[in-house]
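Novice: Generate the whole structure from the sequences, applying the supplied hints.
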Amino acid sequence: MSSRSDFFRETFASLRKDPLGMMGLIIVVVILLSAIFASLLAPHDPLEVDVYNRLQDPTWQHLLGTDQLGRDVLSRVLFGGRIALKVALVAISVSLGVGLLLGMLAGFGPTWLDRLLVVCFDTLRSFPTIMFALAIVALIGPSLNTVIGVIIITSIPVYARIVRTQTQALRNQDFILAERAMGASTARILGDHILPNIAAPLLILASMDVPAVVGMEAGLSFLGLGVSPPTASWGSILNDGYSYLRNSPWPIIAGGIPLILVTLGFTFFGESLRDILDPKLRRKGGAS
Amino acid sequence: MLKFTVRRGLLALLILVLAVTLLFAMIHMMPGDPASVILGPKASPELKAELNQRMGLDKPLLVQLGSFYADLARGDLGLDVFSDREVSEIVFEQLPYTIVLVLAAIGGATLLGIPLGCFSAIKRNSLLDRVTAVMSVAFIAIPSFVVALYLLLWLAVKWRWFPAMGAGASGDIVDQARHLVLPAIALGLGWVGYIARLVRATMLEVMEENHIRTARAFGLPERTIIVHYALRIAILPTVTILGLGIGTMLSGALFAEIVFSRPGIGKLLHEAVVTRNYPVVMGSVLVTTTFFVLSTLISDIINAALDPRLRESGKSS
Amino acid sequence: MVTKEGSNLFQITRRGFLQQSTLAGLTIAGSLPSVSWAVRGHQLHIRNYFDISSLDPPFSLSGGDSFIQRAIFQNLLQFKTDGTWHTELDAAEYFEAIDDTHYAFRLKRGQMFSNGFGEMTADDVKFSFERIADPDLNAINAIDMGTLSHVEVHDRYSGTIVLTSAYAAFVPIAVAGYGILSRKALASVGGRFSTQPPCCSGPYLFREWQAKRKTVLERNPLWEGPEAAFAEIHIYAMTDAKAAEMAFEAGQLDCAEISVESVEPFQKNLPPDSFLEIYPSGRNYWLGMNQSNPALEDLRIRQAIQYAIDAESVVEATWFGLAEPSMGPVPRGMLGCRERTLIPAKGDADKARSLLKEAGVDLPLRLRLDVNSDALEMTAVQVIQWSLKKVGIEVDIHTQDSGTFLSLGQEAAGDQWQDIQLFFQSFLGAADPYYSLVWFISEQMGLWNWERFSNEEFDRLNGLAQAASDEAERSRMYQRMQDIMEESGCYRFISNGVMPQIIRNTIKPAFTPDGYGLLRGFRPVTQQS
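Chains as they are written, first to last, in numbering that gives the first Met the number 0: chain A, 0 to 287; chain B, 0 to 316; chain C, 0 to 528.
Keep in mind that the hints were calculated from the coordinates and are not lab data.
All clues stand as given, with none of them false.
Stretch by stretch, here's where chain B covers chain A in the computed footprint (C-beta under 8 Å, at least three residues):
1. 120–126
2. 216–223
Straight line, CA to CA, 30 Å or less: simulated DSS-like cross-link-like pairs of lysine-lysine:
3. C:LYS213 x C:LYS241
4. B:LYS122 x A:LYS16
5. C:LYS267 x B:LYS157
Facing chain A, according to a computed beta carbon distance under 7 Å, are these residues of chain B, among others:
6. VAL136
7. ILE141
8. PHE144
9. LEU148
10. TYR149
11. LEU152
12. VAL292
Just so you know, even glycine gets a beta-carbon here, dropped at the ideal spot from N, CA and C.
Specialist: The structure is reproduced here in structure tokens:
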């Protein structure tokens with residue numbers, strides 16, 4: 000136990016030395032907090048329509064102006080963070096979980112299974128993502144859950160492939176062979192030995208994946224395929240803003256900023272984390 | 000090597016077939032049909048049935064899929080539901096716009112990315128290196144449509160430095176080039192960072208290698224070393240990545256085409272899905288998926304040619 | 000030019016209307032402004048909303064197609080360029096209703112088809128009308144021909160059109176709506192065509208079509224008259240209003256419809272040498288309710304929804320204050336337009352709440368609302384959602400792509416018509432109120448009557464008005480029909496919208512009352528100020 004908390008303290012100390020990483024962490028924390036406490040922070044109800052005050056420039060009443068229905072843009076942006084949070088949490092955890100399972104199966108299991116899974120992964124990855132999203136959305140209807148589903152389906156192959164490669168690399172290592180010789184079951188080997196060794200890189204990958212996932216939801220909502228009106232997602236704010244670009248630039252400015260912040264924050268933080276953990280991992284990888 | 004190429008090629012074909020079949024199934028399961036869209040309020044059930052019959056939509060799915068592949072073998076992608084034109088004609092009419100955009104984006108990204116990466120490697124940890132590092136990360140991560148929207152807002156609508164939409168007057172190269180700038184930047188910005196980082200990393204590795212040290216020991220000027228030895232090798236992984244990039248960019252171009260109202264296959268696809276124009280959807284998807292699969296295939300082959308370890312089965316890409 | 004309110008009501012008897020057309024035909028020749036060709040290369044560059052689907056009258060899908068057809072074909076009668084639905088003689092020098100089912104016509108002499116297909120004769124008129132109604136051709140526009148039976152040819156230039164029964168909309172919709180083509184020309188292309196007309200006889204000839212880009216027309220050298228005012232017309236197919244606005248600012252277009260939200264920015268920053276005009280529109284927007292759905296079976300619930308919706312704020316938000324709440328499907332300026340609605344435009348939230356209470360509904364009531372994914376309609380629908388929320392109804396908005404949306408209420412597409420509850424519908428009317436209301440008859444259930452509205456009086460009046468000859472009587476009937484629609488609780492009429500246009504100072508445009516351009520009425524403006 001103490002080695003774990005030591006580990007965290009060491010990691011955090013290293014992180015503090017990297018200004019970009021710290022900045023990333025701060026941004027991530029700010030975004031998370033603003034999303035969680037959106038209802039406290041938002042000055043207005045994000046759904047409140049005020050038709051006669053539409054498309055206004057920023058005022059003290061509306062710090063980021065109003066959209067085409069007179070709704071407060073700042074409040075909508077804050078609540079949009081909740082959507083982004085939900086999408087990231089659900090999509091990444093599910094695709095990570097399923098990808099982990101399938102990847103380990105492919106990497107550790109019989110060759111025929113591996114071949115079959117690889118073909119499935121590659122087929123899914125060969126789709127232009129947007130096309131896939133368009134087709135699924137038209138089948139089921141645009142909704143946030145559909146978008147999350149599409150993201151999951153297109154992300155699983157990516158995680159699975161990486162897990163598979165790592166698993167294959169580990170599978171022939173001495174300590175694994177030793178365990179097998181001793182009669183350990185597959186599940187045990189996978190759970191106790193392989194999993195811990197791929198956990199760290201996977202988690203780093205997941206955190207770097209957040210911007211991509213949030214960006215995908217925003218993109219699909221921008222195309223009108225995501226959240227239904229009147230829900231505010233950063234993508235739908237941008238979509239509305241695009242239609243009324245010449246009347247007021249503020250919805251676009253306001254909708255783009257959180258996306259940029261999320262991508263910068265998670266990427267800087269993730270990269271920094273990887274730089275810190277990597278040399279450590281190399282040290283840990285052989286032993287166990 | 001040949002064995003690998005053939006095997007990889009067959010796999011690519013299999014994937015292509017599976018992907019297209021899957022898409023075919025999905026499109027046909029979508030609610031709504033072209034007849035309602037084309038015929039509008041005047042459509043009686045009889046007229047719609049007649050239109051469906053004319054388009055072959057009333058036959059069982061397997062039969063439709065079969066005839067699709069049969070026609071495909073002959074190079075016939077079917078007829079556009081609304082205008083009765085050949086789908087192949089429509090798709091190949093729009094494809095050049097997307098290809099030009101993708102090439103411009105990649106070209107720009109490469110022109111900027113390679114020198115940046117190169118200088119970063121040479122002047123390690125300098126200010127330039129650090130700034131490039133930060134910006135690369137930033138650019139890679141930001142969604143391209145956000146970049147596109149901001150470019151549109153500031154450079155096109157507010158300051159009017161560049162046109163806000165379209166592809167430019169046909170036949171007027173300068174005008175078309177102007178129309179390419181913003182969409183290409185939006186599409187290619189992420190790649191500048193990616194290429195710069197890749198070149199930097201590869202160069203750093205290469206510069207440590209023995210034959211470079213030997214060249215240095217022999218007194219060859221640094222510049223020659225960089226250009227003639229290091230850079231040449233460092234470019235190779237970049238080339239393979241670019242192969243991949245062309246494939247992915249074709250679908251990424253959709254956003255740039257929509258935000259800047261450019262003609263292109265991304266826009267064509269989006270429109271066709273919305274109007275349930277099945278033949279055009281199938282045709283465009285076929286073309287884009289083929290490009291993607293081909294580009295992955297080629298980059299895998301190049302990679303394998305360079306690194307024999309990758310030729311063993313299952314370890315491609 | 001034309002104000003928001005539209006022009007005089009179409010209140011003359013049918014015979015009188017025809018006479019007026021004849022007189023108007025004579026005066027056209029007299030009052031020509033002296034034209035000076037100040038326009039760039041004598042060309043007109045104009046936007047069309049849709050690309051051509053088919054220029055062949057039996058198969059054209061209205062809107063973008065008729066826009067071009069009116070310039071290249073001649074009809075027996077054409078709409079005047081004065082912004083009303085009045086017609087004037089075009090190919091005919093004489094057109095008269097003999098009685099309810101017979102119309103006599105006589106063609107002008109010497110009207111030549113292009114491409115060497117010779118003079119227009121009465122046989123061509125017979126051919127053109129009959130083929131649209133011909134069951135073998137399976138034309139989508141066959142129903143517009145109504146009760147057409149056949150055309151009798153008396154001699155080279157004259158004949159009589161015979162209907163099986165009275166059909167009041169025949170002249171505005173069929174006669175003024177469809178062009179005359181040469182029998183020989185159609186035979187030479189196998190009986191039908193799509194984008195390349197084999198023959199034209201109008202002020203302009205079809206020259207070429209670039210798919211998804213533009214159509215080019217050129218002046219018909221054989222045309223004697225002011226309607227061919229330009230040497231060339233370039234028609235750009237642009238479904239995207241923003242693209243059209245940019246093209247206008249860049250100087251590439253001389254006339255374009257712009258989106259409603261762009262009116263204000265344009266007013267603040269008008270491009271040089273241009274002017275902005277807000278024209279009325281013939282579109283019809285309403286919120287429909289599926290009364291066969293269990294949640295909406297109770298009339299009081301539907302009425303509550305009608306009262307809850309504040310049409311004034313919907314219109315303010317959606318059309319930026321440029322449009323007005325409508326009187327019903329029949330727009331202002333057309334025969335049969337009502338003078339008031341039964342439910343006030345502003346609605347009445349308190350009344351809505353009390354109706355819901357009376358109906359004993361558990362609040363919040365959750366309903367589903369389907370809408371086309373069009374920015375304008377989505378804005379309207381979100382305001383509706385907000386108004387309904389205030390009375391305790393929670394609405395889930397389902398946006399559909401146009402392909403899915405259009406098949407929602409259709410029985411042929413499956414069982415989904417049972418599940419729809421609220422939906423935001425729109426369609427474009429035509430030159431006669433018959434076309435605005437025929438989609439709501441009982442027969443249309445499962446087709447375009449998604450509300451499953453069925454009223455025996457409504458159906459009966461529809462039949463009578465279709466055949467009536469007295470305009471005042473028709474008007475009364477159409478007004479009563481709209482009252483019945485509102486009483487059923489299935490409809491909350493929103494607006495007819497507007498068509499804002501931006502136009503160069505060098506052009507004098509002409510539009511029909513539904514906001515579509517009449518190319519033969521466009522003129523370059525004289526140079527002297």
